[in-house]
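Based on the provided sequences and hints, a complete structural model is requested.
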Amino acid sequence: MAEFAIIFISAIFVNNILLSQFLGICPFLGVSNKLSTAAGMSMAVCFVITLATVVTYLLNMLLAAFGLEFLQTISFILVIAALVQMVEIVLKKISPALYSALGIFLPLITTNCAVLGVALTVVTKDFNLGEATWYAFSTSLGFGLAMVLFAGLREQLALNNVPKAFRGIPIALVTASLLAMAFMGFSGLV
Amino acid sequence: MEEHTMGKFQLITKGLIKENPTFVLLLGMCPTLATTTSAINGMSMGLATLFVLVLSNMAISLIAPYIPDKVRIPSYIVVIATFVTLLQFVMQAYVPDIYETLGLFIPLIVVNCIVLGRAEAFANKNSVVDSACDGLGIGLGFTLSLTVLGLVREILGSGSAFGFKFIEGDGILAFVLAPGAFLALAYLIVIFRKLTSRKAE
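Residue numbers (our numbering), protein chains in the order written: chain D, 812 to 1001; chain F, 284 to 484.
By construction, these hints were calculated from the structure, which means they are not laboratory data. Computed from a predicted structure; not experimentally measured. Be aware that one or more of the hints could be misleading.
Below are the DSS-like pairs computed for lysine-lysine, each with C-alpha atoms no more than 25 Å apart in a straight line [claimed, not checked]: (1) F:K353 - D:K903; (2) F:K291 - F:K408; (3) F:K477 - F:K301; (4) F:K297 - F:K477; (5) F:K353 - D:K904; (6) F:K353 - F:K408; (7) F:K291 - F:K301; (8) F:K301 - F:K408; (9) F:K408 - F:K297; (10) D:K845 - D:K975; (11) D:K975 - F:K301; (12) F:K477 - D:K975.
This is the structure:
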């Protein structure tokens, strides 16, 4: 149980996927203008990362059995793309409400490097299936936390008068820098 | 086929300033921030992306007429992933140290939006030679930006440039770590905007 707690804390705070591992920066900068879209994106990512990690973890066992680990990159990305497509179809049928909430974010996730990044990280660590799933879930919660915090800050930022050259992405990056500095305070926690 | 009006030389140089992938288009931010802890690392990442970009642009330009429109994106991803796997083999064989340092971000070139973006926006409607030039130009722009960002962070963060130390002791450690990456990139974009807007006037 203690191991699970350590994975949880470390994935969310200490090695935050956005602010210290730099995975998934595109949605972090792209869809963080509004709190509600940021939350929607985080939910979709959380769902896909967890599911994709379980599938790629099992797939990797199959690849390893045949000594084909060099196919990881190409097979993982295909599985993730297919999975996202499938999730979209299934959600549309089963839960139209959730589908319309996640809507446009789902197809965008295929090229979100956080998903492939987590899948590729998990297989290099010595995780069993339970730990791998938990790690993926915690990591995506960390993604959600950073995303929502950042979107909140950017909503406030939009009300301020920013120097012309800083408008848009640069001031967002400065904000991200301060947020990353705050998260550095967690290092050494576990 | 949609033809562009630029010459080969223009195709190569536009990636450096006008369509600079890092400072103007803001694409491929993950490797930009993560691998620029030093000038050498930034440059290696840029060159690795350049390699994939040129080869995938050429291959996609060749096969694009035969791919049904509906499945084009998955097909492009497979082509790109193939070249990335090739790159992994080459790097493991000849530059294992750099491969080790860049780590996860080499396989992640597959999902780098610059590569897929060029395939979709340019390579699938232009000739092989033009696509190669376009890949080379954008790749060089990316390499240059990453090298500059890496250089700035290395000078401030560890007091050295391209591995040569010129200040005794440590630099500002934060610039090697995550916060410095965001901050350095923010200021470089601002400087780049200032310089290019003055030129336009």
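Can you give the numbers of the hints that this structure goes against, from lowest to highest? No hint contradicted; all consistent.
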